[in-house]
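The listed protein sequences derive, respectively, from chains A and B. One point on numbering: in the numbering used here, the residue at position 230 of the first sequence is 263, and numbering is uninterrupted. One point on numbering: in the numbering used here, the residue at position 88 of the second sequence is 92, and numbering is uninterrupted.
Certain hints may be false.
[Unchecked claim] Derived pair list, reagent style DSS-like, types lysine-lysine, alpha-carbon separation capped at 30 Å:
id, chain 1, residue 1, chain 2, residue 2
1, B, K55, A, K60
2, B, K263, A, K193
3, B, K62, B, K97
4, B, K64, A, K58
5, B, K62, A, K60
6, B, K171, A, K60
7, A, K79, B, K141
8, A, K58, B, K141
9, A, K79, B, K171
10, B, K100, B, K141
11, B, K55, B, K232
12, A, K193, A, K58
13, B, K62, B, K229
14, B, K97, B, K263
15, B, K232, A, K79
16, B, K204, B, K15
17, A, K80, B, K141
18, A, K60, B, K15
19, A, K193, A, K343
20, B, K171, A, K80
21, A, K193, A, K249
Derived from the structure by calculation, the hints contain no laboratory data. The structure presented is a predicted model; accordingly, all values stated were derived computationally and were not measured.
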Amino acid sequence: MAGEKLKMVPTRDGFGEGLIELGRKNKDIVVLSADLTDSTRANWFKKEFPERFFGLGVAEQDMIGTAAGFALMGKIPFACTFGVFASGRAWDQIRVSVAYMNLNVKIIGTHGGISVGPDGATHQALEEISLMRILPNMTIIVPCDALEAKRATIESVNLKGPVYIRLGRSGAHVITKESDPFKIGKAVCLKDGKDLTIFACGQMVYEAALACDELKKDGIDARLVNMHTPKPIDKDCIIKAASQTGAIVAVEEHTIAGGFGSAIAEVVIENCPVPVKFVGIRDRFGVSGEPDELFEHFGLRAKNIVQAAKEALAMKR
Amino acid sequence: MNHPNIRELQKKAIEIRKDILKMLTLAGSGHTGGSLSIVEILVALYYHALKNDPNNPKWKERDYFLLSKGHGCPALYAVLAEKGYFNREDLWKLRKLGSMLQGHPQLGLPGIEISSGSLGQGLSIANGIALAARLDKSDIRVYCLLGDGETNEGQVWEAAMTAAHYKLDNVCAIIDFNKLQIDGFCCDVKDMGAYFDKWKNFGWETIETDGHDIKKLMNAFDKAKTIKGMPAVIIAHTIKGKGVSFVENKVEWHGIAPKKEEYERAMKELDEALGKI
Numbered sequence: 034m035a036g037e038k039l040k041m042v043p044t045r046d047g048f049g050e051g052l053i054e055l056g057r058k059n060k061d062i063v064v065l066s067a068d069l070t071d072s073t074r075a076n077w078f079k080k081e082f083p084e085r086f087f088g089l090g091v092a093e094q095d096m097i098g099t100a101a102g103f104a105l106m107g108k109i110p111f112a113c114t115f116g117v118f119a120s121g122r123a124w125d126q127i128r129v130s131v132a133y134m135n136l137n138v139k140i141i142g143t144h145g146g147i148s149v150g151p152d153g154a155t156h157q158a159l160e161e162i163s164l165m166r167i168l169p170n171m172t173i174i175v176p177c178d179a180l181e182a183k184r185a186t187i188e189s190v191n192l193k194g195p196v197y198i199r200l201g202r203s204g205a206h207v208i209t210k211e212s213d214p215f216k217i218g219k220a221v222c223l224k225d226g227k228d229l230t231i232f233a234c235g236q237m238v239y240e241a242a243l244a245c246d247e248l249k250k251d252g253i254d255a256r257l258v259n260m261h262t263p264k265p266i267d268k269d270c271i272i273k274a275a276s277q278t279g280a281i282v283a284v285e286e287h288t289i290a291g292g293f294g295s296a297i298a299e300v301v302i303e304n305c306p307v308p309v310k311f312v313g314i315r316d317r318f319g320v321s322g323e324p325d326e327l328f329e330h331f332g333l334r335a336k337n338i339v340q341a342a343k344e345a346l347a348m349k350r
Numbered sequence: 005m006n007h008p009n010i011r012e013l014q015k016k017a018i019e020i021r022k023d024i025l026k027m028l029t030l031a032g033s034g035h036t037g038g039s040l041s042i043v044e045i046l047v048a049l050y051y052h053a054l055k056n057d058p059n060n061p062k063w064k065e066r067d068y069f070l071l072s073k074g075h076g077c078p079a080l081y082a083v084l085a086e087k088g089y090f091n092r093e094d095l096w097k098l099r100k101l102g103s104m105l106q107g108h109p110q111l112g113l114p115g116i117e118i119s120s121g122s123l124g125q126g127l128s129i130a131n132g133i134a135l136a137a138r139l140d141k142s143d144i145r146v147y148c149l150l151g152d153g154e155t156n157e158g159q160v161w162e163a164a165m166t167a168a169h170y171k172l173d174n175v176c177a178i179i180d181f182n183k184l185q186i187d188g189f190c191c192d193v194k195d196m197g198a199y200f201d202k203w204k205n206f207g208w209e210t211i212e213t214d215g216h217d218i219k220k221l222m223n224a225f226d227k228a229k230t231i232k233g234m235p236a237v238i239i240a241h242t243i244k245g246k247g248v249s250f251v252e253n254k255v256e257w258h259g260i261a262p263k264k265e266e267y268e269r270a271m272k273e274l275d276e277a278l279g280k281i
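Model the full structure from these sequences, guided by the hints.
And the structure:
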């Protein structure tokens with residue numbers, strides 16, 4: 034993957050494209066927005082289907098409840114805002130009005146992670162996977178690139194029930210192809226390997242791929258898995274990785290507390306205990322800065338993944 | 005719409021109160037005050053205003069009733085059982101393990117349209133249903149019952165703005181205006197000031213009525229149906245714990261169930277009231 038010239042497209046753009054495609058195919062698709070209509074790309078849908086677009090103003094809790102009402106009537110609402118507000122501000126509404134009723138509401142949280150950049154801590158969502166993962170009935174998808182985001186958006190409609198899709202603001206390398214498999218809940222093994230397995234989601238998949246190339250130079254054969262669905266997590270894939278490679282590294286642009294890596298570690302510990310190392314944000318809020326600087330600042334670079342991989346290997350019995 | 009005469013409905017209200025008290029006493033916990041205050045509102049809805057079919061709870065043409073103040077569910081359960089949505093015997097399993105009659109309403113019990121209990125969420129859902137109905141060119145109506153204390157919740161006012169913005173004249177909110185909440189009198193806990201003006205200023209037609217007068221409630225619901233271009237709210241003056249002298253207006257009865265002796269006293273009072281109708 035390193036050395037290849039890859040397109041850079043924000044995952045939110047992939048969502049916007051998928052949404053328009055859905056809108057054309059399915060009249061039951063409605064879109065709700067809490068005032069960030071341009072930023073979330075919900076406006077792409079709004080332009081083509083104004084009668085099926087509903088602005089709720091700066092009112093995330095109301096937006097989620099309204100979406101629940103649409104779902105009760107058989108519509109398929111996409112409720113869109115920044116990840117911090119979608120997952121945090123409206124958490125109890127998601128819990129009671131969506132997840133408890135197992136309603137067919139799709140929640141779109143854009144601007145996830147530190148790649149939001151200069152807006153800083155209040156706008157950098159670092160907790161969505163943790164917050165959504167603890168809700169029964171919830172599915173969480175973290176697409177690695179714009180194409181996967183588009184496919185996740187379209188696929189999410191075939192799954193009857195609540196889905197949270199975490200998207201990013203900044204350009205992310207497009208590493209998947211139309212011909213690649215994509216199935217919600219089914220992890221994709223991007224590179225086989227025998228020494229350890231690196232699980233990643235979102236744009237950290239690219240960074241993890243770079244890390245694999247580095248590790249190879251040191252004679253370490255790492256398996257790389259794009260785990261785009263943190264919930265329901267692909268247990269079989271994790272158990273297989275733990276038993277076949279004997280060490281795990283989980284990589285996320287997210288807090289490691291209760292997040293993606295925790296979800297993987299839960300499966301490992303219960304089924305096939307082997308060393309697990311985490312690459313993610315450790316009990317801190319975000320800060321302002323350019324995305325590139327922030328990945329460096331928070332230790333989310335390929336070199337950090339390489340380091341974690343070597344530590345995990347050293348722990349192997 | 006066909007409905008029995010008012011006197012029959014007044015009797016029904018008392019019978020429902022008796023069911024509520026029996027349910028709560030058997031359960032050993034639950035919300036007595038706020039269940040007793042909404043009985044006539046529910047009777048006027050289910051025996052007059054609502055288009056519904058207990059034999060076909062998911063009927064596409066039905067009106068929706070959402071109990072946003074979920075803790076008042078014993079009253080709703082009793083009315084739904086009386087209407088035949090489910091077996092009356094189920095009432096006595098309220099709050100018991102394995103019962104569909106959860107401590108707060110859960111979607112899945114016939115006649116229950118939403119899970120509720122975390123306050124302030126129902127009106128937003130009502131708006132979503134109403135907007136979807138408009139898209140479908142359906143003329144169904146959505147009724148949403150809130151507690152006055154519940155309207156401390158900011159989401160209620162977010163939803164109030166949404167309903168007004170989208171001119172949802174198919175939404176009718178009802179406020180159980182009993183002036184009490186769990187910590188005391190609403191005005192002492194957090195004074196909501198000019199309450200009627202608040203709703204008016206949020207773009208709602210307000211209809212004030214006596215929440216224990218079934219005839220007046222019916223008229224209020226009829227009037228709400230005639231309002232066009234804006235949502236309507238019926239602010240129904242009620243008495244928390246209505247119908248049982250030692251429960252009425254007593255804040256401590258918000259979240260407790262009667263003990264056996266209290267239950268018997270209450271039944272005696274209600275039977276006397278029944279005899280006077």
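Hints and how they fare:
With a CA separation close to 27 Å, the supplied pair K55(B) and K60(A) stays within the 30 Å bound. Restraint check: the Cα-Cα separation between K263(B) and K193(A) comes to about 45 Å, which exceeds 30 Å; the hinted pair is violated. Under the criterion of a C-alpha separation no larger than 30 Å, the hint pairing K62(B) with K97(B) is consistent with the structure, at around 24 Å. Distance restraint check for K64(B) and K58(A): the Cα-Cα separation of roughly 24 Å lies within the 30 Å cut-off, and the hinted pair is therefore satisfied.
A distance of roughly 22 Å separates the Cα atoms of K62(B) and K60(A); the hinted pair therefore holds under the 30 Å criterion. Between K171(B) and K60(A) the alpha-carbon distance is near 23 Å, which keeps this suggested pair within the 30 Å criterion. Using a Cα cut-off of 30 Å, the hinted pair K79(A) and K141(B) holds, with the two alpha carbons roughly 20 Å apart. With a C-alpha separation of about 20 Å, the suggested pair K58(A) and K141(B) falls inside the 30 Å cut-off, and the hint holds.
Simply put, K79(A) and K171(B) have alpha-carbon atoms about 20 Å apart, close enough for the 30 Å limit, and the pair holds. Among the hinted pairs, K100(B) with K141(B) is inconsistent with the structure: their alpha-carbon atoms are about 41 Å apart, more than 30 Å. Straight-line distance between C-alpha atoms of K55(B) and K232(B) comes to about 19 Å, which keeps the hinted pair within the 30 Å bound. As the CA atoms of K193(A) and K58(A) are separated by approximately 17 Å, the hinted pair is consistent with the 30 Å bound.
Restraint check for K62(B) and K229(B): the C-alpha separation of about 22 Å stays at or below 30 Å, so the hint holds. In summary, the hint linking K97(B) to K263(B) is supported, as the alpha carbons are separated by about 17 Å, within the 30 Å threshold. This hinted pair checks out: K232(B) and K79(A) have alpha carbons roughly 27 Å apart, not beyond 30 Å. Taking the CA atoms of K204(B) and K15(B), the gap is about 35 Å. The hint is violated against a cut of 30 Å.
Annotation: proposed proximity of K80(A) to K141(B) holds, straight-line Cα distance about 22 Å (limit 30 Å). Pair hint K60(A) plus K15(B) does not hold up; C-alpha atoms about 48 Å apart against a cutoff of 30 Å. Under the criterion of a C-alpha separation no larger than 30 Å, the hint pairing K193(A) with K343(A) is inconsistent with the structure, at around 41 Å. A distance of roughly 22 Å separates the Cα atoms of K171(B) and K80(A); the hinted pair therefore holds under the 30 Å criterion.
For the proposed pair K193(A) and K249(A), the alpha carbon gap of about 42 Å is over 30 Å, so the pair is violated.
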